[in-house]
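Trainee: These are the residues of each chain, in order.
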Amino acid sequence: AQSVSQHNHHVILSEAASLELGCNYSYGGTVNLFWYVQYPGQHLQLLLKYFSGDPLVKGIKGFEAEFIKSKFSFNLRKPSVQWSDTAEYFCAEDTGRRALTFGSGTRLQVQP
Amino acid sequence: KAGVTQTPRYLIKTRGQQVTLSCSPISGHRSVSWYQQTPGQGLQFLFEYFSETQRNKGNFPGRFSGRQFSNSRSEMNVSTLELGDSALYLCASSPDTGELFFGEGSRLTVL
Chain A
77 AQSVSQHNHH VILSEAASLE LGCNYSYGGT VNLFWYVQYP GQHLQLLLKY
127 FSGDPLVKGI KGFEAEFIKS KFSFNLRKPS VQWSDTAEYF CAEDTGRRAL
177 TFGSGTRLQV QP
Chain B
219 KAGVTQTPRY LIKTRGQQVT LSCSPISGHR SVSWYQQTPG QGLQFLFEYF
269 SETQRNKGNF PGRFSGRQFS NSRSEMNVST LELGDSALYL CASSPDTGEL
319 FFGEGSRLTV L
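For the protein sequence lines, the chains are A and B, in the order given.
Just so you know, the first sequence maps onto residues 77 to 188 in this note's numbering.
Just so you know, the second sequence maps onto residues 219 to 329 in this note's numbering.
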């Protein structure tokens, strides 16, 4: 069965610090990858997606992620976080079955 | 454009009862999928519908079922509720490009 691993369960950063959240997927074939964010009290929103092409994808709010096939990784990055980035972040894969497999999530807390 | 609308937002049921949750997708989206979110198991795929046909089903017991109507609206039903069914049930619609747009969810509490 496919699985997605997010190794950082809870991350605490100060404003302006750089962010990198790890995500590893297991599927060895063609895969679509996503990062979703859930702000407190809000619904899941798409941050960015990778379907094919340039392995460095840029999303909303200054986030980017790099697809490294050899490492089965799709890490999320942001050069400088803001207090408003406090949220839970989910990595997900779709192996073409139109059924996302989500990671367990990383709770990011940004301190002002 | 209106987002994905789920009703009801909150509900409380007792063990053994059944529940029906409703989802209205974004206009033009023909794919609707359902996910269960719990603190212990995280986000888990339930099923996906496209043009009234179930295309995929997750690893949930037969007590969990769903359907999609000709206007793409979808319902999911859980029969014989158990305490462990307490969760946030999320509906997502897709223009069939692979990316999902989620609703705010229906929070079910089973007592």
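Among these hints, one or two may not hold up.
[As the list claims (entries may be wrong)] Here are the simulated BS3-like cross-link-like pairs (lysine-lysine), alpha carbons at most 30 Å apart as the crow flies:
hint	chain 1	residue 1	chain 2	residue 2
1	A	K125	A	K147
2	A	K145	B	K275
3	A	K134	A	K145
4	B	K275	A	K125
5	A	K137	A	K125
6	A	K125	A	K145
Since the hints were derived computationally from the structure, they do not count as laboratory data.
All of these numbers come straight from a predicted model, not from anything done at the bench.
Trainee: Each hint should be assessed against the structure and marked as holding or not.
Mentor: Verification of the supplied hints:
1. Pair hint K125 (chain A) plus K147 (chain A) holds up; C-alpha atoms about 18 Å apart against a cutoff of 30 Å.
2. For the hint pairing K145 (chain A) with K275 (chain B), the CA-to-CA distance comes to about 27 Å; that is within 30 Å, so the pair holds.
3. In summary, the hint linking K134 (chain A) to K145 (chain A) is supported, as the alpha carbons are separated by about 17 Å, within the 30 Å threshold.
4. About 23 Å separates the Cα atoms of K275 (chain B) and K125 (chain A), which keeps this hinted pair within 30 Å; it holds.
5. At most 30 Å may separate the alpha-carbon atoms for a hinted pair to count; K137 (chain A) and K125 (chain A) meet this at roughly 14 Å.
6. For the given pair, K125 (chain A) sits about 15 Å from K145 (chain A) by alpha-carbon distance, which is consistent with the 30 Å threshold.
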